[in-house]
Amino acid sequence: MQAVEDIFENSDFSFNTQILTTSDCGDLTSSQLDSPFEDEDDKKLYDCLTCHNSFKYPKNLKRHEKNVHGNIQYNFEHCEKTFSRSDIFKRHVKLHEISRRNKQITEETKDKYLILLLNLVHRYIKHLLLKKAEITQEFVLV
1 MQAVEDIFEN SDFSFNTQIL TTSDCGDLTS SQLDSPFEDE DDKKLYDCLT CHNSFKYPKN
61 LKRHEKNVHG NIQYNFEHCE KTFSRSDIFK RHVKLHEISR RNKQITEETK DKYLILLLNL
121 VHRYIKHLLL KKAEITQEFV LV
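Residues 1 to 142 in UniProt numbering are what the sequence shown lists, from first letter to last.
Some hints could be false.
[As the list claims (entries may be wrong)] Cβ pair distances, simulated, as ranges: (1) Ser99 / Asn75: 17 to 27 Å; (2) Val68 / Leu117: 50 to 60 Å; (3) Ile98 / Arg63: 36 to 46 Å; (4) Arg63 / Leu118: 49 to 59 Å; (5) Asn102 / Leu49: 37 to 47 Å; (6) Glu108 / Lys81: 40 to 50 Å; (7) Cys51 / Lys112: 32 to 42 Å; (8) Cys51 / His96: 29 to 39 Å; (9) Val68 / Leu118: 54 to 64 Å; (10) Leu114 / Cys48: 51 to 61 Å.
[What the hints assert, rightly or not] Simulated pairs of lysine-lysine, BS3-like, Cα-Cα distance not exceeding 25 Å: (11) Lys81 / Lys103; (12) Lys103 / Lys62; (13) Lys110 / Lys94; (14) Lys59 / Lys103.
If you are wondering where the hints come from, they were derived from the structure by calculation, not from laboratory data. Even glycine gets a Cβ: it sits at the ideal position worked out from N, Cα and C.
Construct the complete structure from the given sequences, taking the supplied hints into account.
Given below as structure tokens:
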């Protein structure tokens with residue numbers, strides 16, 4: 001098996017010595033190959049002053065401080081639950097609204113079917129009364 005260097009040295013390919021293409025990293029320049037990779041330790045971490053937890057992004061620290069150490073409470077009187085985040089509170093309220101709507105639809109459907117059933121019964125009774133009247137008129141006429 002030929003070494004990789006031999007393949008490149010003995011080939012007729014034209015090379016651009018400024019840009020190297022790799023399958024994993026995309027296009028790299030020669031200066032990028034000489035520079036060290038970034039260390040994860042060099043990235044800035046955001047620390048909570050209360051419990052000393054560290055977060056990669058300031059938005060995560062802000063959310064942590066609000067949720068864990070914040071005094072904001074969202075109370076829902078319907079089921080007496082409390083929430084520290086407004087988005088969770090809103091999602092919970094929507095669940096109650098959907099359940100209330102479904103219950104309302106069910107009640108409306110029951111009412112519609114009951115009215116339909118009563119109308120059918122009314123028509124059937126009317127039909128029976130007309131048949132009875134026809135039968136009694138036949139006896140009277142005969």
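Legend entry - Hint numbers contradicted by this structure: Numbers 3, 6, 7, 12 and 14, in rising order.
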